[in-house]
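A.B. asks: Take a look at the letters that make up each chain.
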Amino acid sequence: TIMLHVIFILPLLTQTITSFGTPRSASKPRRKVSNLKMSDGGIWLQKSSIIDLRSDTISQPTPQMRKSMSRAELGDDVFGEDPTVNSLEKEVAVITGKEASLFVPSGTMANLIAELVWCDEKGSEMILGDQSHMFLWEQSNGAQFGGISYRTLPNLSDGTIDLEQITKSIRKKGDSFSKTKLISIENTHNQCGGRVLTPEYTKSVAEIGKKHGVKLHLDGARVWNSAAYLGVPVSELTSCVDSLSVCFSKGLGAPAGSAVCGDKEFIGKARRIRKALGGGMRQSGILASGAREGLKRMLPRLHEDHIQAKALAYGISNLNMPEFFICNAEDVETNIVMVEIGPGLIKRNLNSQDVVNRLKNKGLLGVAITDTTIRFVTYYQITPNDIIKAINILRKFLKNVTEEIYTEFSSDFSPQFESLIIPDLADDPSEDAT
Amino acid sequence: RSDTVTKPCRNMRSAMANADVGDDVYGEDPSVKRLQEYACYITGKEASLFVPSGTMGNLIAVGVHCQRGEEVMLGNKSHMYLYEAGGASSFMGVSYACVPNLPNGSFSLDDMSEALRDSEDDHFPKTSLLAIENTHNFCGGVPLKRDFLIQCRKFAEKNDLKIHVDGARIANAAISQKTSLKELLDGMDSASICLSKGLGAPVGSILVGSKNFILKGKRLRKGLGGGMRQAGVLAAAGLEGIVNNLKRLEDDHRRAYELKRGLLGIRGIKVRDLGNEMTNMVYFAIEENYLERIGSGTDGFLKVLEDEYGVLLQGGYGAQGEHMRAVTHIDIFDGDVEKCIEAFKDITN
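Taken in order, these protein sequences are the chains called A and B. What the first sequence shows, in this note's numbering, is residues 210 to 643, in sequence order. What the second sequence shows, in this note's numbering, is residues 224 to 572, in sequence order.
Read the hints as simulated data drawn from the structure, not as lab findings. Ideal Cβ positions, reconstructed from N, Cα and C, are used throughout, including at glycine. Hints may contain errors.
Here are some, though not all, of the chain A residues that point toward chain B, as calculated from beta-carbon distances under 7 Å [unchecked claim]:
1. S279
2. L283
3. S315
4. T317
5. N350
6. P464
7. G489
Once the Cα atoms are required to be at most 30 Å apart in a straight line, the calculated BS3-like pairs of lysine-lysine come out as [stated by the list, open to error]:
8. K473(A) to K230(B)
9. K569(A) to K445(B)
10. K445(B) to K299(A)
11. K445(B) to K388(A)
12. K256(A) to K445(B)
13. K441(B) to K569(A)
14. K331(A) to K441(B)
15. K256(B) to K484(A)
16. K526(B) to K473(A)
17. K445(B) to K484(A)
18. K299(A) to K526(B)
19. K385(B) to K484(A)
20. K349(B) to K300(B)
21. K571(A) to K256(B)
Generate coordinates for the entire structure from the input sequences, incorporating the hints supplied.
C.D. replies: What follows is the structure, encoded as structure tokens:
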């Protein structure tokens, strides 16, 4: 451990000091080197004590990533000459069991490219879940830029779509009808709570696609987490799909970037569309080297994030206040925890955004993903201590709310409120809290 | 081949490695914010946006300034028309109204008036955007003349058009004309400025415009998939480039001028001579009788240059693709220019 500290901290210190050398350098002014935080994922400078569980995209590049980024061999990727990008694309292709892959600035672009490649005819239609990221959170860009119509089917709570419904929704031939060109599934499914789709389910959907001549795209922004949960190689989840997108900037911790994968013909078309959309970057090996580090060092440790998420979920459900927070810890499979706002809070006119704002004041960040649900996401910079602190913050929030209720109704005090009073907890976690 | 091949120097690599980053989609990346603030300062515009490429910068500009079914007026030799895969039409539903480019990168007022259309007649789409390119790549890397800029501003004001400047190499224009980016962009509604070319950054462009324009532009950037997370890694290098590498573009122009002078003296090479108006590019071709003797044409010539002399150039320009282009940049030194001229002399001899 001492050696690790020496190897990692000393270069970090010297880097910080030498970067101030150049007078015309545009780098930032001197900052205190303290508050070093460590987890199994790496070492970083903790700038504030706020526990940021908004998303795994918040994850910062590790010191190793920064080093490899600064040393990356570069070239002009529009000419296909960036060796780091080329290496990354080959590695991702191998990991996902596809012929080729293409590095793009974001998952949104990766999904858009897939939509535009497969839905290449006018009047194309795409089947996807009504809770999917591609439908809810990507600005309907397939419709906006590609004239593709979205056919949404209900997502079940486990992230899947009913197979029979998919089959029934595939358009028949006829001049009245648009043409179903693509089915899209999401693994892990974000809005449903980071739920994992099994290889069996993926294969079943792929079979439906093959039977009806419809392509299958996998939004695999967090497919790494899915594979980690199931304990299977990524290719088991991806080899049967026609194309997929993966993200490097989430659990893998890279600063930016995603990839879209498929066969050589698909990637050839994807490359053209990437350029047309404005995603053709030059010496993007900088970002690709971060992504490669992520695949090498962060991919094997993703199950740790799942453990923290599970701990958080159980911590919340063990608060045992279903009138205020509802959390099904058994349904937590990966690094996402969904907490529903209970009737007790709704009655007090508090929706999820109000709760999020109050938690922010107490030092915990989450996202109000719907009006009545808060999402928390774990990643390598969220330590077990952070989880304990987060649960304490939630506990304090509940204490405040119940105190408010108590003072409102204190004139006619009734016994049912007794159980709501929580004993005062110190900041340090006690046996109880653990 | 291009000034896009420039690799980041040690200072830039250090800035990138130490960059203070955050999630830029949440607007929390301090390095991106710093670059964007500096861009506003140096261009005199209200707001700015870091984008992965100049193509996206131009595409966003069309998407914001024009509604579906409207028209963008631009030069028939412009990069936006020729080299951006028709994105304005395929993604934004906007049609291209081409105006003939004059040799100095401008267009005549008559041609502009002829191409202008308004939707009072149901047959016509409305021209809502005028796009100009400064420096103009295919016209030889020429900076646009002040008179033309004034002409454009007046025309746009009179006809209620917005102006977007494809300023991929506007830094070169500013240095060449000994003026500032602010002056060149005065009165323009938006501009896309590349950081990855002469300024030497690895990736990215900066789109500048009014607050309202950038607000809509940010939304379009997300929809197109250009919303990166810890983009400060790239923005830090971009800031280094725009702060430190502006002045040295003079050296690129000087080397391009020397290259041109050297090529002018070689029999068998005909050079497009733009006098003092050139920046960092030289366009030239091999004379026909020499080409016959070489046998394998321009491609063969380029291959020999690459294999035997280690000089890489871009070919395929001009009406029959017989023109070649040489671009000087941060990774080209004085000795390289001499070597290049020697190589040409050798081959033609």
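A.B. asks: Against this structure, judge whether each hint is valid.
C.D. replies: Checked hints:
Look at S279(A): its Cβ gets to within about 4 Å of chain B, closer than 7 Å, so that hint holds up. At about 5 Å, the closest approach between the beta carbon of L283(A) and any beta carbon in chain B falls short of 7 Å, and the interface hint on this residue holds. Of the supplied interface hints, the one on S315(A) holds, with its beta-carbon coming within about 5 Å of a beta-carbon of chain B, less than 7 Å. Here the hint on T317(A) is kept, as its CB sits about 4 Å from the closest CB of chain B, short of 7 Å.
The beta carbon of N350(A) comes within 5 Å of a beta carbon in chain B, closer than 7 Å, and the hint placing it at the interface holds. Because the smallest distance between the Cβ of P464(A) and any Cβ of chain B comes to about 3 Å, under 7 Å, the interface hint for this residue holds. Given the 7 Å rule on beta carbons, the hint for G489(A) holds: about 6 Å separates it from the nearest Cβ of chain B. For the hint pairing K473(A) with K230(B), the CA-to-CA distance comes to about 29 Å; that is within 30 Å, so the pair holds.
Using a Cα cut-off of 30 Å, the hinted pair K569(A) and K445(B) holds, with the two alpha carbons roughly 26 Å apart. Among the hinted pairs, K445(B) with K299(A) is consistent with the structure: their alpha-carbon atoms are about 27 Å apart, no more than 30 Å. For the given pair, K445(B) sits about 27 Å from K388(A) by alpha-carbon distance, which is consistent with the 30 Å threshold. Restraint check for K256(A) and K445(B): satisfied, since their Cα atoms lie roughly 28 Å apart, inside the 30 Å limit.
For a cut-off of 30 Å, the pair hint linking K441(B) to K569(A) stands: about 26 Å separates their Cα positions. A hinted pair counts as satisfied when its Cα atoms are at most 30 Å apart, and K331(A) with K441(B) qualifies at roughly 28 Å. A threshold of 30 Å between alpha carbons decides the hint, and for K256(B) with K484(A) the separation of about 25 Å falls inside it, so the pair holds. About 28 Å separates the Cα atoms of K526(B) and K473(A), which keeps this hinted pair within 30 Å; it holds.
Restraint check for K445(B) and K484(A): satisfied, since their Cα atoms lie roughly 16 Å apart, inside the 30 Å limit. A C-alpha spacing of about 28 Å is found between K299(A) and K526(B), which places the hinted pair at or below 30 Å, so the restraint holds. Between K385(B) and K484(A) the alpha-carbon distance is near 25 Å, which keeps this suggested pair within the 30 Å criterion. Straight-line distance between C-alpha atoms of K349(B) and K300(B) comes to about 22 Å, which keeps the hinted pair within the 30 Å bound.
Restraint check: the Cα-Cα separation between K571(A) and K256(B) comes to about 27 Å, which is no more than 30 Å; the hinted pair holds.
No hint from the list above goes unmet by this structure.
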